[in-house]
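In order, the protein sequence lines correspond to chains A and B. Position one of the first sequence corresponds to residue 1 (the working numbering), numbered consecutively onward. Position one of the second sequence corresponds to residue 1 (the working numbering), numbered consecutively onward.
Worth flagging that the hints you see were computed from the coordinates, not collected in a lab. Virtual Cβ for every residue (Gly too), placed ideally from N, Cα, C. Be aware that a few hints might be false.
[To be verified] Partner residues are not named here, just some residues of chain B that face chain A (Cβ under 8 Å, in silico): (1) Lys183; (2) Ala340; (3) Asn427; (4) Thr430; (5) Thr434; (6) Leu462; (7) Leu500; (8) Asn521.
Each chain, written out:
2 protein chains.
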Amino acid sequence: MSQIIDFRTSPERYRHWRLAFEGNVAHLIMDVDASAGLFEGYELKLNSYDLGVDIELNDAVQRLRFEHPEVGAVVLRSGKENVFCAGANIRMLGKSTHGHKVNFCKFTNETRFSIEDASENSGQVYLCAVKGTAAGGGYELAVTAEYIMLIDDRKSSVSLPELPLLAVLPGTGGLTRVTDKRKVRRDLADVFCTQEEGVRGKKAVAWRLVDEVIPPSVWVEKVASRAAEFAARSDRPRDAKGVKLTPLKREVSGDVVTYSHVKVELDRQKRRATLTIFGPVAAVPGSVAAAQDLGVEFWPLAVARELDDAILFLRLNEPELGLWVFKTEGDGHAVLAHDAFLAANQNHWLMREISHFLKRTLKRVDVTSRSLIALVEPGSCFAGTLAELVFAADRAIMFNGARAGDNRAPAAVMVGAANFGAYPMGNALTRLETRFLGEPETLVKAAARQGEALDAEAASELGLVTSVFDETDWNDEVRIMLEERASFSPDSLTGLEANLRFAGPETMETRVFGRLTAWQNWIFQRPNAVGEDGALKKYGSGVQPTYDRHRV
Amino acid sequence: MSQIIDFRTSPERYRHWRLAFEGNVAHLIMDVDASAGLFEGYELKLNSYDLGVDIELNDAVQRLRFEHPEVGAVVLRSGKENVFCAGANIRMLGKSTHGHKVNFCKFTNETRFSIEDASENSGQVYLCAVKGTAAGGGYELAVTAEYIMLIDDRKSSVSLPELPLLAVLPGTGGLTRVTDKRKVRRDLADVFCTQEEGVRGKKAVAWRLVDEVIPPSVWVEKVASRAAEFAARSDRPRDAKGVKLTPLKREVSGDVVTYSHVKVELDRQKRRATLTIFGPVAAVPGSVAAAQDLGVEFWPLAVARELDDAILFLRLNEPELGLWVFKTEGDGHAVLAHDAFLAANQNHWLMREISHFLKRTLKRVDVTSRSLIALVEPGSCFAGTLAELVFAADRAIMFNGARAGDNRAPAAVMVGAANFGAYPMGNALTRLETRFLGEPETLVKAAARQGEALDAEAASELGLVTSVFDETDWNDEVRIMLEERASFSPDSLTGLEANLRFAGPETMETRVFGRLTAWQNWIFQRPNAVGEDGALKKYGSGVQPTYDRHRV
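Make the full structure from the sequences, and use the hints.
In structure tokens, the structure reads:
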């Protein structure tokens with residue numbers, strides 16, 4: 001699995017999904033091409049999936065939001081007759097490295113939350129029409145929908161058979177959505193998750209696993225009418241023009257990956273990637289129409305797409321670069337002006353979409369298992385939206401003043417309205433709220449300084465950065481800190497950061513990424529699942545797995 | 001490590017702790033005997049600890065509550081001059097099995113929460129006086145106190161050096177208490193947890209790591225006066241007589257472990273332990289004084305002690321018995337009568353203690369990594385406090401009616417007031433509230449049926465049990481279910497149960513047992529920590545560990 005994994009795709013290249021449109025209802029149809037796995041050595045039978053299938057799903061969900069303002073409801077369904085979706089492909093899992101399994105689950109989870117984000121925040125509500133079996137990851141996918149319909153044909157069912165069949169968890173959010181979203185009674189959930197055969201018909205409704213069972217005779221009409229009901233409630237415009245998500249330009253040259261507003265420099269020897277984000281050059285558009293005309297060139301949208309791609313590219317393709325350094329270059333006031341423009345036009349569907357896309361991209365940063373360091377230097381523009389990177393970082397180090405012989409502005413951090421509500425983390429708090437859980441008075445003080453270019457002393461006093469160094473010490477201190485960080489055990493850093501980044505309240509999202517994922521990662525290391533005689537290896541072989549019977 | 005681990009001890013047998021009393025202040029003094037490790041092969045230098053040290057601590061905390069009603073404040077401190085506590089012993093960890101490490105951390109965490117429970121609910125508030133270094137588990141212990149004093153002698157410090165030194169987490173609650181209890185700013189927590197040297201003096205206060213630094217010249221007086229202040233606020237009686245926790249009688253004979261009100265039957269072939277709890281035989285005492293005269297013979301206290309010991313005994317000594325079956329025998333009305341007696345006398349220090357002890361024992365059940373099945377049969381007394389075992393179980397199976405030829409009462413479940421508030425789980429909800437998160441109306445219905453002997457039909461209708469079987473099917477259905485459960489992978493069951501048992505809100509406690517523990521367990525499986533070249537193995541050898549640099 002050493003090929004480059006590319007997250008860029010588009011509907012004309014899809015092998016596994018189809019989109020169909022009927023007025024303000026879209027159909028997102030899963031029809032996996034068994035022969036088109038991302039890697040060699042397995043067939044994606046029965047609508048089972050691998051990372052490649054999910055890359056297309058992520059793209060489709062994104063395009064529905066940006067390219068189809070008219071769509072108010074999306075029906076998730078299968079293009080195959082007797083199966084909805086058989087879940088993650090077992091042979092793929094059996095052959096994957098630990099790291100690939102974990103990254104695959106993380107991306108799949110992010111995509112599932114993006115579906116729920118569309119339902120909740122975009123006026124584009126997902127329904128799911130289950131015909132055939134929805135097993136394991138198939139039911140996990142179904143349960144991302146706000147409304148699940150199950151055909152009552154005596155054979156279609158929903159199930160989470162991972163534990164009995166594979167000795168792993170329904171770990172791509174399934175277990176948590178069963179308890180937190182569907183609120184299934186815990187003992188019934190226990191029965192549901194320990195039986196292979198699943199639940200169908202009225203029992204599936206009684207156990208809260210689906211919302212409605214529908215007889216075959218009225219299946220098509222009923223699904224259509226439910227979709228129409230949900231679509232009718234949407235606030236999305238019926239007559240607006242979408243923004244075409246044209247292919248993202250990315251140049252890889254040696255150890256530098258270049259986009260239009262993002263540059264990534266790889267230093268394999270130091271196990272470090274430096275991500276530099278460039279602030280807006282063009283002025284804020286004069287109107288929403290002008291912004292829309294810019295399309296994917298509009299700075300906030302462009303930067304969201306590029307940063308999003310850079311994060312995924314690095315996560316999957318550069319696992320040894322354990323340290324990400326965030327830098328910015330440009331004019332902080334220009335960032336704040338774009339933030340203000342977005343904020344002032346949140347009643348416009350596209351501006352709202354862009355804000356939520358930025359929010360999701362910043363959430364990807366939060367759950368990335370890399371040490372994140374922000375370096376605030378002269379000439380940088382950590383303001384508003386970009387200042388979120390300072391607050392998302394495990395540490396932020398700030399240069400005190402300007403560099404000798406450098407005529408760029410002294411290092412500054414600027415907070416703006418965007419830092420006080422636009423970008424909640426998975427825990428439903430802003431990054432500043434999370435940061436100042438123990439000192440809410442500092443949050444109030446920071447809010448009073450919006451729009452100011454805060455120098456190192458002020459930013460440090462306000463608790464916005466971790467350390468401040470003068471020019472004399474900067475190079476040595478930063479070098480030592482980065483070298484030290486890169487010397488630690490990657491696993492313990494992953495655990496530490498996953499715990500420290502999410503103080504405060506928990507949500508379904510933090511429970512999926514923090515609790516369920518941690519248990520699944522543990523199980524993904526245990527011989528009972530992944531050993532030579534473990535269930536993932538023996539599945540389908542006709543040979544029973546052998547288990548170490550010690551309870552830990 | 002195949003000797004039997006016994007949790008029963010008493011102060012005259014302590015090797016590692018001393019208790020000293022000054023009026024209403026107790027001193028709990030850690031003075032570890034380096035040569036008295038629980039196992040061979042390591043020395044407990046510098047007040048480092050192993051499970052044996054923690055068994056004594058658990059006992060001491062318990063005795064302070066029951067035997068010393070006059071104590072309103074407890075000062076945790078070291079009996080050694082230059083060190084407060086160096087944390088868990090590294091050589092012990094390096095030599096332990098995965099299972100022992102996990103069980104050790106769990107018990108240590110439970111003991112730490114019992115300290116906080118005393119502060120919060122018993123009017124026996126813990127302070128910590130740190131003189132010398134409090135490193136790793138040493139600081140984790142300190143931070144269980146409500147008030148931490150640090151001597152300002154230029155050498156005493158607090159630190160969490162696990163990550164840089166050992167490639168593991170401060171996983172016995174430390175990391176979570178830093179964010180959730182002390183509310184340390186996340187980037188400062190990151191610095192604190194990645195440096196070996198720790199923090200001392202005023203910086204420790206500024207970072208919220210301790211509450212007060214005290215100059216050496218006034219150290220003794222100031223610690224004493226703070227303890228006196230806290231003790232003065234206590235509502236515990238100064239002149240009451242404590243209850244002596246006499247040695248617990250436990251007989252092990254073949255595969256049966258017998259206490260006075262609890263019997264444990266081990267079936268190694270079926271990998272199952274059956275715990276039978278016997279209801280009260282004696283009538284409810286006529287007064288609190290009479291109950292106090294019964295001392296450890298008073299049924300609620302006796303059953304709490306015995307069940308608590310049985311849980312710990314099975315957890316540590318019988319890891320292959322992955323299935324615990326709970327049964328009861330006796331008169332449900334008698335259980336409810338004892339519950340009512342306790343509830344009516346919660347203003348009495350001892351009755352309050354007993355209720356909290358029962359609460360903590362039931363919490364041990366919740367975090368036990370065994371599949372828990374309650375069998376509600378004719379003659380059982382799953383009522384009130386004992387009905388909590390039905391609600392704590394992963395599944396409860398109920399016999400419909402009476403057995404032919406058996407003149408005992410038909411199987412019944414009885415809810416009482418104790419099920420609606422006396423025993424919150426770690427998530428701060430009752431077990432019934434957690435169970436009915438998705439159907440709060442059922443909770444109301446169940447509350448209306450208090451005191452009734454609910455037969456199988458009624459209990460099933462109310463969602464109190466999972467399945468009901470008639471006599472014809474009982475034996476086969478129960479056998480098949482238990483055999484099936486015992487056939488699954490133990491690890492995946494542990495992960496499943498840890499996720500399903502704690503639906504709803506999260507607290508510091510659920511985050512320690514669910515999130516932090518899961519990450520630590522994962523790290524405890526990773527070669528970077530536990531491999532031959534990992535940090536836990538290489539610590540102290542002078543050889544640097546070798547890390548796989550892939551980020552997962």
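Here is how each hint holds up against the structure:
Taking 8 Å as the C-beta cut-off, the interface hint given for Lys183 of chain B holds, the closest approach to chain A being about 3 Å. Against a cut-off of 8 Å between C-beta atoms, the interface hint on Ala340 of chain B is violated, since the closest Cβ of chain A lies about 27 Å away. For Asn427 of chain B, the shortest C-beta to C-beta distance to chain A is roughly 10 Å, which exceeds 8 Å, and the interface hint is violated. A cut of 8 Å between beta carbons decides the hint on Thr430 of chain B: the least distance to chain A is about 13 Å, and the hint is violated.
Nearest Cβ of chain A to the Cβ of Thr434 of chain B: about 7 Å, under the 8 Å cut. The hint holds. A least Cβ separation of about 11 Å between Leu462 of chain B and chain A goes past the 8 Å threshold, and the interface hint is therefore violated. Checking Leu500 of chain B against chain A: minimum C-beta separation of about 5 Å stays under 8 Å; hint holds. The beta carbon of Asn521 of chain B is positioned within 8 Å of a beta carbon in chain A (closest approach about 5 Å), and the interface hint is therefore held.
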